[in-house]
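Using the sequences plus the hints, can you model the full thing?
Residue numbers (my numbering), protein chains in the order written: chain W, 1 to 396; chain E, 397 to 792; chain A, 793 to 1188.
Treat the hints as calculated values from the structure; they're not laboratory data.
If you want the footprint, here are the derived chain A segments under chain E, 3+ residues with CB under 8 Å:
#, region
1, 844 to 853
2, 863 to 877
3, 1150 to 1164
4, 1177 to 1188
Residues from chain E that keep clear of chain W, each with C-beta distances beyond 12 Å, as calculated:
#, residue
5, 427
6, 578
7, 656
For lysine to aspartate or glutamate, the following EDC-like pairs were computed, each having C-alpha atoms within a straight-line distance of at most 20 Å:
#, chain 1, residue 1, chain 2, residue 2
8, W, 205, W, 281
9, A, 1178, A, 844
10, E, 601, E, 635
11, W, 72, A, 885
12, W, 72, A, 887
13, A, 1178, E, 457
14, E, 685, E, 695
15, E, 782, W, 61
16, A, 864, E, 491
17, E, 782, E, 457
18, E, 468, W, 93
The beta-carbon is built from N, C-alpha and C at its ideal position, and this holds for glycine as well.
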Amino acid sequence: METKNVIRAIERLAALDSSGLRGRDFLLTWDKTEEQIRGVLAAAEILKDLRDAGLSPRIFDSGLAVSIFRDKSTRTRFSFLSAANLLGLAVQDLDETKSQIAHGETVRETANMLSFLTEVIGIRDDMFLGQGHTYMLQVAEAVREGHREGVLPALPTVINLQCDLDHPTQSLADLLHLARHFGGLDRLAGKKLAMSWAYSPSYGKPLSVPQGIIALMTRFGMNVVLAHPLGYNLLPEVERQAAAFAAQSGGSFSKSSSMEEAFEGADVVYPKSWAPYQVMERRTLLLQKGDSQGLDSLEKECLERNRRFSDWECSESLMARTRDALYMHCLPADISTVSCERGEVAASVFERFRLATYREAGYKPYLIAAMIALSKLENPAGTLRKLLRTAVRRAP
Amino acid sequence: METKNVIRAIERLAALDSSGLRGRDFLLTWDKTEEQIRGVLAAAEILKDLRDAGLSPRIFDSGLAVSIFRDKSTRTRFSFLSAANLLGLAVQDLDETKSQIAHGETVRETANMLSFLTEVIGIRDDMFLGQGHTYMLQVAEAVREGHREGVLPALPTVINLQCDLDHPTQSLADLLHLARHFGGLDRLAGKKLAMSWAYSPSYGKPLSVPQGIIALMTRFGMNVVLAHPLGYNLLPEVERQAAAFAAQSGGSFSKSSSMEEAFEGADVVYPKSWAPYQVMERRTLLLQKGDSQGLDSLEKECLERNRRFSDWECSESLMARTRDALYMHCLPADISTVSCERGEVAASVFERFRLATYREAGYKPYLIAAMIALSKLENPAGTLRKLLRTAVRRAP
Amino acid sequence: METKNVIRAIERLAALDSSGLRGRDFLLTWDKTEEQIRGVLAAAEILKDLRDAGLSPRIFDSGLAVSIFRDKSTRTRFSFLSAANLLGLAVQDLDETKSQIAHGETVRETANMLSFLTEVIGIRDDMFLGQGHTYMLQVAEAVREGHREGVLPALPTVINLQCDLDHPTQSLADLLHLARHFGGLDRLAGKKLAMSWAYSPSYGKPLSVPQGIIALMTRFGMNVVLAHPLGYNLLPEVERQAAAFAAQSGGSFSKSSSMEEAFEGADVVYPKSWAPYQVMERRTLLLQKGDSQGLDSLEKECLERNRRFSDWECSESLMARTRDALYMHCLPADISTVSCERGEVAASVFERFRLATYREAGYKPYLIAAMIALSKLENPAGTLRKLLRTAVRRAP
Chain W
1 METKNVIRAI ERLAALDSSG LRGRDFLLTW DKTEEQIRGV LAAAEILKDL RDAGLSPRIF
61 DSGLAVSIFR DKSTRTRFSF LSAANLLGLA VQDLDETKSQ IAHGETVRET ANMLSFLTEV
121 IGIRDDMFLG QGHTYMLQVA EAVREGHREG VLPALPTVIN LQCDLDHPTQ SLADLLHLAR
181 HFGGLDRLAG KKLAMSWAYS PSYGKPLSVP QGIIALMTRF GMNVVLAHPL GYNLLPEVER
241 QAAAFAAQSG GSFSKSSSME EAFEGADVVY PKSWAPYQVM ERRTLLLQKG DSQGLDSLEK
301 ECLERNRRFS DWECSESLMA RTRDALYMHC LPADISTVSC ERGEVAASVF ERFRLATYRE
361 AGYKPYLIAA MIALSKLENP AGTLRKLLRT AVRRAP
Chain E
397 METKNVIRAI ERLAALDSSG LRGRDFLLTW DKTEEQIRGV LAAAEILKDL RDAGLSPRIF
457 DSGLAVSIFR DKSTRTRFSF LSAANLLGLA VQDLDETKSQ IAHGETVRET ANMLSFLTEV
517 IGIRDDMFLG QGHTYMLQVA EAVREGHREG VLPALPTVIN LQCDLDHPTQ SLADLLHLAR
577 HFGGLDRLAG KKLAMSWAYS PSYGKPLSVP QGIIALMTRF GMNVVLAHPL GYNLLPEVER
637 QAAAFAAQSG GSFSKSSSME EAFEGADVVY PKSWAPYQVM ERRTLLLQKG DSQGLDSLEK
697 ECLERNRRFS DWECSESLMA RTRDALYMHC LPADISTVSC ERGEVAASVF ERFRLATYRE
757 AGYKPYLIAA MIALSKLENP AGTLRKLLRT AVRRAP
Chain A
793 METKNVIRAI ERLAALDSSG LRGRDFLLTW DKTEEQIRGV LAAAEILKDL RDAGLSPRIF
853 DSGLAVSIFR DKSTRTRFSF LSAANLLGLA VQDLDETKSQ IAHGETVRET ANMLSFLTEV
913 IGIRDDMFLG QGHTYMLQVA EAVREGHREG VLPALPTVIN LQCDLDHPTQ SLADLLHLAR
973 HFGGLDRLAG KKLAMSWAYS PSYGKPLSVP QGIIALMTRF GMNVVLAHPL GYNLLPEVER
1033 QAAAFAAQSG GSFSKSSSME EAFEGADVVY PKSWAPYQVM ERRTLLLQKG DSQGLDSLEK
1093 ECLERNRRFS DWECSESLMA RTRDALYMHC LPADISTVSC ERGEVAASVF ERFRLATYRE
1153 AGYKPYLIAA MIALSKLENP AGTLRKLLRT AVRRAP
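Here it is in structure tokens:
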């Protein structure tokens, strides 16, 4: 192992004030300071370096990490699991169909009942606009009360594994990927990133990824262009947040209704489908009313509208307009001729960046582990230094 | 940590003869001696104190705890999981729909196939009268044979996570809650506890909680009153057991058909709905025959009968008749105007005791861990003393 | 513990060249050398002896073992789990219904997404002829690419938990059972083993067990007779492989269409139902086309054909023709009058060998653990020697 690199990374972490993360949940990146974000990234890199060097960064002897997935998931599920395991926690998924939640339990009660020996609660709830984030706040408030009132011996950290607003474990993995690609966080300033809508033969994909990207990358001096066809807006407050961050960081945030324009001279492109927030609002209301006919006609209407923009595909000719841009995606991508007839990205473009997107995804377990560690450790740099010194091997 | 308290608790445990728990299953509290019950409570308190002090009471380096849930469960599922994790065991749920049990396996065979490296089997099977306890005995006998005949290197302990007769992990958590509330097990003598039926808009709730309560609290000198409308009887043999225990302990066991009378001057009230055992017997027969029409009409008949007793609600005016009683519930409760229009308890009463019921539930993981530990350890007090001395931190 | 036995077993392991297992998957026994097979068996025995002696053979401090079960399973599921737990790995099952595999992910992508901190991937995929083994090869190739290209820090070992060709964890457990029964692997030469088809009231049972048996036991000098009614053939290439192994080992491989003949003078009998490979091929095509009418008529045709051979039952009179043979089965067996009216084996025969079949199954966790260990350890004998010397207790 390049121990020197790890020691340097620990020094970097020690110099950052990430103390505000201790005892706090991780729900939205825009609620965190830039130093805290840098702290999470530094800790993630250290944990990855330790693991790559075959050393165990276990900080728990026992304890639970509870996951609540209200939507299907492979990579986030395994990332959360891997992060918890790396630190010494056992994961238990709350399968709501096997619980007594239907028997009149309140969120407040369930949250405490799950948490008697729980250190972390990871939640994915991204289907209904306005609900995922609210649910996470309710869980967080419930366990905070439980801890204050002597019900819970430890305060579980609530981690957002994707809500209707943000997808912080994804956007931070993306940020670390960018930092490694360009040689450091400080090299991102001035780079152009095109966060672009792209065509998909499905509809209703959540907004949290593009929202997370524009509200995070603008903090590091990047020139972020958000491109989408007319009417495919993100939540206005998140766009305002991105603009404010760009103004502070010396970057920029602009909008375009042309994929070509957004890709022109870009250093990074992130082409990905989503549904307009107005559609997500209508969908949420219809789902709440159980109006399946309304849902069907909404889907029909949206797919028809989508089809008008089927040329929003990350093609080779579009890539040729960029400055040899890095292609990014949160996966799984809709790959033309591979996973669908026509989708978000041309097969040759995706194949060229396929392994890069895998590596991008591969940072997620370490970011989640870093979020957990920084919410628990009084002196993270000190603890990591000690782990490096004692050097328990993780595997033969 | 108040190490002195833990040391004292360990001395208390050392003075109790709980050796009869070693190598034995935990199915019914009334099969255990009073000293054994006191031993389980003492061990649970010590484990809780260690955990609250941030020390790890891990006694296993590896091994499995298998859970079999034949009914939905949140708190018992997570309690079992937490207990196993605290001691160093990994939990695997047997999902009967994913197993080959349907392919002609016998209980005897499955029990062994699950148990090659298993230390504990926790079972919830409370739906059919006369079946849950029988099933647990079959599993216990099967693994005992397997161990005797060299199939299994260790004898798994079978733990009743709720059957048709008893719910020992619940009733012992309730007993510990009472002991902590009144300042010790020895302060319970002479206290009046009202175990009362209460109205619920559902039907078919198991009898194991009220049965577990009357057969346990009568052993500690309490004056237990069982109240229910005419016809909502518990199993006669359990009532007889409660009466016998009361006679031995200097407490009392009486019955009443008035909630008011039961609450009068009570120190503790436990209002909770259940179905009469005669109904459970009829339901079991109908379920076995797959008679869905019969089940529908039984449900209709029972809900109609229930409605005649919708005034059996733990209201503020009833609470006013008590001696400032402690309200208890195994959760989830049917809370009037919250989880249903009218239910077991008034919202204001429940809200006042809400956090207390969470704490009550919070003892369950430690009681399960204590049951496991005492079934395995040759010298529990010695092992716990050693854990305290070596003092491995459980978490940062 | 008989430490001396373990030390001798470790010396035996040290003398075998099993280095070719390191960094390799375990998919088919016939891809492995005889020394490697002997190495796996020796390691399994050592791990079992350590565990039986109460010592912990944990070699991992953290890490995941992922299981993918595309068919129902009890004993293999718990065996994989037990093996992983014994070595210090946490198991996560990939529930394909809860993942985004339906959302256009490729096998290549999913395999990497599961594996960021994964040491082992166990797969059962035995339903479709020609597909299970192919799927395992795809997963193995995907993670090999991911590891080579810096996506995965460690190369996960893919372990075949039953495919359409082989069932190596079963056949090796069977081989160890035979070795223990007859007093050593070297005592198997010259023994007659009857691998016989037997009647079952169901159809479509996989071929992997009989194929695994004939292709493994022929390597140890056994005289293997494969018996089945006309038309119930195994895959021709596996039969050829068995014949080639027999020729090398000095054993024999022959076929018979009479159960009586096969049992005559047998030392071991393995009566078990399966579907002809031609039927499995037709079934695979019908399943792929979603032709449920075709499937129904195929089932009808096959069950009718099966019925013509309902006298292929391992009865007492057949057992009387053997040389006091050992009865073997992979479980669950179709036991006449117990799990079905008429099945593979008479109740009295099965009951006499019931505990022996449980012990046979009980070797599986140790064989899986041995496969994992030998795929990871640079110097298995050295590591095991060290484990024995440091002697961490696994349980109180």
